[in-house]
Amino acid sequence: AITSLKKATELDPEYGRAYAALALAYFRVVESLWGKELGRDEPYFWWGAHDYAELAKKYPTSLSYTVEALRDVYQGLAEDARRNAGRAIALDPNDPEAHIATAWALTISGEPAEALNFVATAMRLNPNYPSHYVLARGLALFATGDLKQAAEVFGEGFRRNPDATALFLPLSSVLAQLGRREEARQMLVKFRPGIGQKGLENIPDTIHLSFKWDYEHASVRERLNDGVRIAALPLDVTVTSLEAELETGNLFSQQYAVKRLGWFGPAATQAVPALVEALKVEHLRREAIEALGKIGPPARAAIPALVALQNEALVGIYAKNALSKIRGN
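No gaps in the numbering here: position 195 of the sequence shown is 195 in this note's numbering, and each next residue is one more.
Quick caveat, the hints were computed from the structure, so don't treat them as lab data. Don't take every hint at face value.
Unchecked claim - Cross-link-like lysine to aspartate or glutamate pairs, in silico, DMTMM-like; alpha carbons within 20 Å at most:
no. : residue 1 : residue 2
1   : 280       : 243
2   : 212       : 92
3   : 259       : 282
4   : 57        : 92
5   : 58        : 111
6   : 57        : 80
7   : 198       : 216
8   : 325       : 290
9   : 57        : 41
10  : 320       : 290
11  : 259       : 277
12  : 259       : 205
13  : 280       : 247
14  : 280       : 236
15  : 325       : 312
16  : 259       : 201
17  : 7         : 80
18  : 148       : 41
19  : 148       : 205
20  : 212       : 222
21  : 325       : 92
22  : 198       : 214
23  : 259       : 290
24  : 58        : 92
25  : 148       : 182
26  : 190       : 152
Claimed, not checked - Have a look at the derived ranges for each label pair, beta carbon to beta carbon:
no. : residue 1 : residue 2 : range
27  : 186       : 7         : 37 to 45 Å
28  : 75        : 239       : 32 to 40 Å
29  : 248       : 54        : 55 to 63 Å
30  : 195       : 256       : 19 to 27 Å
31  : 50        : 297       : 37 to 45 Å
Using N, Cα and C, we set each Cβ at its ideal position, and we do this for glycine too.
The task is simple: from the sequences and hints, build the whole structure.
Laid out in structure tokens, this is it:
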């Protein structure tokens, strides 16, 4: 398809929709993490999509605005994404890709429940929808906190298309956060076979996903990454084993234990007393504050200790952020 579209633009340099289609094709490579299979890394396709999007802007169409919205989503520019997606729908209300772009714009701006309505419309307009519709729906569900339904959606999408690599990481993350760690790890291994334990643990820090929540809602992306981090851990690393490490380990292992407890989120509720104790240790304080914040409302027992730290010069801002999460703000 890319070769044919490039040929079309050579024959007609003002064929705006072809430029937009090329940009969209490149974005799909980035979104689906297909770069290596195509002999390039994802940034190559991202910049290619950017260049074609700039060309498409000269000839506005519904598809060109959809591409603009997706570029905004990649950069976490939620308001710009919503505006461009709205223009796409206004030009062609029956374009399912415009509805998917709107769903992404809503999801990254903190309105995932509304995003689901646009995904549903896109699926109605295109009943034989591709896997990136599943990605949009599953991540909107994840953002609402409905992990079970998100797992079902991602799982069904994977069974429907076992080569849909864009679904592997979010499915792995959700399964891990549901306590289905063996399945989560299997999915991670499928995503990057043969890279070993260290390679698995590095995945969340080396993969560039094609969407980015705006600053206010960045914690959703962090939850997604934390699930992948849990999936990458050896199965014998548990909340209980990390508590023991926190009590008896050396400085280095204690820091790792505190950070990893945060990855488990609410599933690490039993560790709240140990994390409150860790607040008394200077070299563990910041990590313990952040871990308690990730546990959220179940960490209410930590509120008095965090309140006592909220005006401290070095960690006060982290304590305030954790208190906000624990209080459900």
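Hints, one by one, checked against the model:
The straight-line distance between the Cα atoms of residue 280 and residue 243 is roughly 16 Å, inside the 20 Å bound, and the hint therefore holds. Only pairs whose Cα atoms come within 20 Å are accepted, and residue 212 paired with residue 92 is rejected, the gap being roughly 26 Å. Among the hinted pairs, residue 259 with residue 282 is consistent with the structure: their alpha-carbon atoms are about 15 Å apart, no more than 20 Å. Of the supplied pair hints, the one linking residue 57 and residue 92 holds, its CA atoms being roughly 16 Å apart against a limit of 20 Å.
Pair hint residue 58 plus residue 111 does not hold up; C-alpha atoms about 31 Å apart against a cutoff of 20 Å. A C-alpha spacing of about 14 Å is found between residue 57 and residue 80, which places the hinted pair at or below 20 Å, so the restraint holds. The straight-line distance between the Cα atoms of residue 198 and residue 216 is roughly 31 Å, outside the 20 Å bound, and the hint therefore fails. Under the criterion of a C-alpha separation no larger than 20 Å, the hint pairing residue 325 with residue 290 is consistent with the structure, at around 10 Å.
With a C-alpha separation of about 25 Å, the suggested pair residue 57 and residue 41 falls outside the 20 Å cut-off, and the hint is violated. As the CA atoms of residue 320 and residue 290 are separated by approximately 10 Å, the hinted pair is consistent with the 20 Å bound. Using a Cα cut-off of 20 Å, the hinted pair residue 259 and residue 277 holds, with the two alpha carbons roughly 15 Å apart. Of the supplied pair hints, the one linking residue 259 and residue 205 holds, its CA atoms being roughly 15 Å apart against a limit of 20 Å.
Restraint check: the Cα-Cα separation between residue 280 and residue 247 comes to about 13 Å, which is no more than 20 Å; the hinted pair holds. Restraint check: the Cα-Cα separation between residue 280 and residue 236 comes to about 28 Å, which exceeds 20 Å; the hinted pair is violated. The suggested pairing of residue 325 with residue 312 holds, with an alpha-carbon distance near 19 Å, which does not exceed 20 Å. For the hint linking residue 259 to residue 201, the alpha-carbon distance of about 13 Å falls within 20 Å, and the restraint holds.
About 31 Å separates the Cα atoms of residue 7 and residue 80, which puts this hinted pair outside 20 Å; it is violated. Between residue 148 and residue 41, the direct Cα distance comes to roughly 33 Å. Violation of the 20 Å bound is thereby established for this hinted pair. A threshold of 20 Å between alpha carbons decides the hint, and for residue 148 with residue 205 the separation of about 25 Å lies outside it, so the pair is violated. With a CA separation close to 10 Å, the supplied pair residue 212 and residue 222 stays within the 20 Å bound.
Straight-line distance between C-alpha atoms of residue 325 and residue 92 comes to about 40 Å, which puts the hinted pair past the 20 Å bound. Among the hinted pairs, residue 198 with residue 214 is inconsistent with the structure: their alpha-carbon atoms are about 30 Å apart, more than 20 Å. With a C-alpha separation of about 8 Å, the suggested pairing of residue 259 with residue 290 holds against the 20 Å cut-off. The straight-line distance between the Cα atoms of residue 58 and residue 92 is roughly 18 Å, inside the 20 Å bound, and the hint therefore holds.
Between residue 148 and residue 182 the alpha-carbon distance is near 16 Å, which keeps this suggested pair within the 20 Å criterion. For the proposed pair residue 190 and residue 152, the alpha carbon gap of about 18 Å is at most 20 Å, so the pair holds. For residue 186 and residue 7, the hinted distance range of 37 to 45 Å is satisfied, since their beta carbons lie about 42 Å from each other. Between residue 75 and residue 239 the C-beta distance comes to about 36 Å, which sits within the given range of 32 to 40 Å.
For residue 248 and residue 54, the Cβ-Cβ distance of about 57 Å falls inside the hinted range of 55 to 63 Å, so the restraint holds. Residue 195 and residue 256 have their C-beta atoms about 20 Å apart, which keeps the hinted 19 to 27 Å range intact. The given range of 37 to 45 Å is respected by residue 50 and residue 297, whose C-beta atoms sit roughly 41 Å from each other.
Hints 2, 5, 7, 9, 14, 17, 18, 19, 21 and 22 from the list above are not met by this structure, while the remaining hints are.
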